[in-house]
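Number of protein chains: 2
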Amino acid sequence: MISQNKPPVWYEQLKVCKQSGARLGIVHTPHGSFETPCFMPVGTQATVKGLSPEEVRSTGARIILSNTYHLWMRPGSEIIRRAGGLHKFMNWDGAILTDSGGFQVFSLSDLRNITEEGVGFKSHIDGSKHVLTPEKSINVQNDLGSDIVMAFDECTPYPADENYALRSLERTTRWLERCIKEHSRPKDQALFGIIQGSTYAKLRKQSTREITAFDLPGYAIGGLSVGEPAQLMNAMLEEVTPLMPEDKPRYLMGVGSPDFLIEGSIRGIDMFDCVLPTRIGRNGTVFTNNGKLIVRDAKYADDFTPLDPECSCPVCRNYTRAYIRHLIKAGEMFGLRLTSYHNVWYLMAHMEKIRDAIREDRLGDFRDEFYSRAGSFRR
Amino acid sequence: MISQNKPPVWYEQLKVCKQSGARLGIVHTPHGSFETPCFMPVGTQATVKGLSPEEVRSTGARIILSNTYHLWMRPGSEIIRRAGGLHKFMNWDGAILTDSGGFQVFSLSDLRNITEEGVGFKSHIDGSKHVLTPEKSINVQNDLGSDIVMAFDECTPYPADENYALRSLERTTRWLERCIKEHSRPKDQALFGIIQGSTYAKLRKQSTREITAFDLPGYAIGGLSVGEPAQLMNAMLEEVTPLMPEDKPRYLMGVGSPDFLIEGSIRGIDMFDCVLPTRIGRNGTVFTNNGKLIVRDAKYADDFTPLDPECSCPVCRNYTRAYIRHLIKAGEMFGLRLTSYHNVWYLMAHMEKIRDAIREDRLGDFRDEFYSRAGSFRR
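In order, the protein sequences belong to chains A and B.
Counting with the numbering used here, you get residues 1320 to 1698 for the letters of the first sequence.
Counting with the numbering used here, you get residues 1320 to 1698 for the letters of the second sequence.
It should be emphasised that the hints constitute simulated quantities derived from the structure, not laboratory data.
Nothing here was measured: the structure is a model prediction, and the numbers come from that model.
One should not assume that every hint holds.
Copies of the same chain look alike in the list, so a pair counts if it works inside one copy or between any two.
Calculated lysine-lysine pairs in the DSS-like style (CA-CA distance at most 27 Å, straight line) [said to hold, decoys possible]:
#1 K1611 x K1407
#2 K1325 x K1500
#3 K1337 x K1524
#4 K1500 x K1524
#5 K1448 x K1618
#6 K1455 x K1506
#7 K1455 x K1407
#8 K1448 x K1500
#9 K1648 x K1618
#10 K1334 x K1672
#11 K1618 x K1441
Chain A on its own, in the form it takes in the complex:
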């Protein structure tokens, strides 16, 4: 920032892992600070599915993600603004990042129609017609009052031909300019730009140069983890992160599998988000230090051990696989609370291990140990 004042969100680097190049840092926001690399649980509709804000906080989470598209459609950003903003509405006093709604209008709505102006779409709730533009996305996020506001981008699908990917990333750059112009609360909400470019190294570099040319408090990498092979994602990260400013947080959107959290950290990413822990939890699948475990399976009917005997979370201290399986088979809500909580806790503990490994210059070793034990997380 040219200004003498710190932006509302800023990055403090603590060290770089000598073995892997991963960054250890702290991101400061108007609603508290958090160590990075960090994972952000997703609270799409102003709630992390199944969990109370107190429970989310007790897992160690200090920032969550919520969704512009969903909250705009229901209950409407006007209601949340009048409630005193999203933090107050949902009783979460930690930091909040809101995505722009771009990804959702592409993935959830019918009959979308992309123009330079924005995206016309039909609501997934009632079929009503709407247009989401860069300006509208920022207006909604200004109403929500999130600490980190994401620019409205076009999330290029995978696969995309190079010509489409080029037009798409250039539009994302023009839309970012409109977002910056529209943003009415730059002093208490930090706008992050989003790098696109699909799986083309040349385009990723072009987008990184264009987006980071805007002096913003942070930058995200979008359009990855959308179905491309892992190697391709890693290759793209290796093109992009070296070109990103070192003094700003870097956010890789939509990544939450334990292996990718390590791979992303090694390539210089600071922030991640994904619905994975709560989504698989609701399906009766949990993370453990030995890989995934499907607790619904019949073999756990009389297994009186915890979900993960190495885990120190309250679920693993108090409940058995047999009980949790019973709850899920019986359709009891509490079963999904327990699996969701454990999974979020697991990822928080996983990030803590990643940060400890960076602190001790051994994240490469940590990766190797992780793959040898929990190999089943590999795609």
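With chain A held as given, fit chain B onto it using these hints.
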């Protein structure tokens, strides 16, 4: 008890309300004591729907009810026995009362066939055939290890003709004898007998005499709150409770609406249970000091007040009607947690007010005040 030793569950009377005749007391169990009159939240399938055991405890509940039928069908009482009993299985260290499964085989299963031996039925889960007998019900409850075991009775439906009701109550008495004989853990599990007799004063008195002739640690009144008019229920209670021993707890089965909790207390009842608070909570309806409130209603979309401004529960301290309505409309589990929690808290607070009114000899006044404010609770 003839024995010098106290039974596993025993009643200590503190006082009788001079204005209403209601009893204030304490019931002692192997898993702690609780003041009466009390309400027991229902955890049908080894979980009070939507709530954690810690949350249930934080509402003030010290005893919950669970179901022999459901737990026998799934996960099976053998699994719970091997888990170390129901308390350990579900992580609840307070008292547990289990019903006998009688009510459930009548109300949930298809093709039931009642004989002197027991009830043949098909499981509501997979249609498999089973026979529930007094012996089997007690065996299952001995496996579960509940503090209070209910006798296997025939819950006479309403309406029933007098002849059927007579045969039914006499069978219930014979079944009680078999339950007592089968009960293998009388030192740490208290068996309660159940009074039947439908809506016939003469039969209710006969059943009360027959059931209380067995020296048991407590007695319940069944076959009420099954669709009969409120006046008829009150009239039956007035026939029955004067004949019940004063030194044993009295449990009115299946009653949980706030008005009936007052009416039952006035007629000498000590314990109540009902699925009402969690069931209506899951439908988006909550108790308040001014009557029921359907928080799903559109008029609460921008209502930023608590569910009940007079309530001091954590839900009312931290969340608004607008937020809870949003969660319910969006199909979010957390909304049902919040309404369920508030409703259980409300009934616990309601029972505390009833106990305070007994302590101060003004339960009759309390009833009048209650009806004048929360009239909509009347049937």
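Against the structure, the hints come out as follows:
For a Cα distance limit of 27 Å, the shortest separation of K1611 from K1407 across copies, 26 Å, qualifies, whereas the shortest one inside one copy, 35 Å, does not. Taking the shortest alpha-carbon separations for K1325 and K1500, only the intra-copy value of 20 Å comes in at or below 27 Å, while the best inter-copy value is 79 Å. Taking identical chains as interchangeable, the C-alpha atoms of K1337 and K1524 lie at most 27 Å apart only when both belong to the same chain, with a minimum of 25 Å there against 85 Å between chains. Within a single copy, K1500 and K1524 get their C-alpha atoms as close as 24 Å, which meets the 27 Å cut-off; across copies the closest is 82 Å, which misses it.
Proximity of K1448 to K1618 under the C-alpha cut-off of 27 Å is restricted to the inter-copy arrangement: shortest distance 24 Å between copies versus 48 Å within a copy. In this assembly of identical chains, the alpha carbons of K1455 and K1506 lie at most 27 Å apart only when taken from the same copy (19 Å versus 70 Å across copies). When the C-alpha separation of K1455 and K1407 is checked against a cutoff of 27 Å, the pair qualifies only within one copy, where the shortest distance is 22 Å, while the shortest distance between copies is 53 Å. Taking CA atoms no more than 27 Å apart as the test, K1448 paired with K1500 passes inside one copy only; the shortest distance there is 26 Å, against 70 Å between copies.
In the homo-oligomer, the alpha carbons of K1648 and K1618 lie at most 27 Å apart inside one protomer (13 Å), although the nearest pairing across protomers, at 37 Å, exceeds that limit. Taking the closest pair of Cα atoms, K1334 and K1672 come within 27 Å of each other only inside a single copy of the chain (15 Å); across copies the shortest separation is 59 Å, beyond that limit. Taking identical chains as interchangeable, the C-alpha atoms of K1618 and K1441 lie at most 27 Å apart only when they sit on different chains, with a minimum of 25 Å there against 44 Å within one chain.
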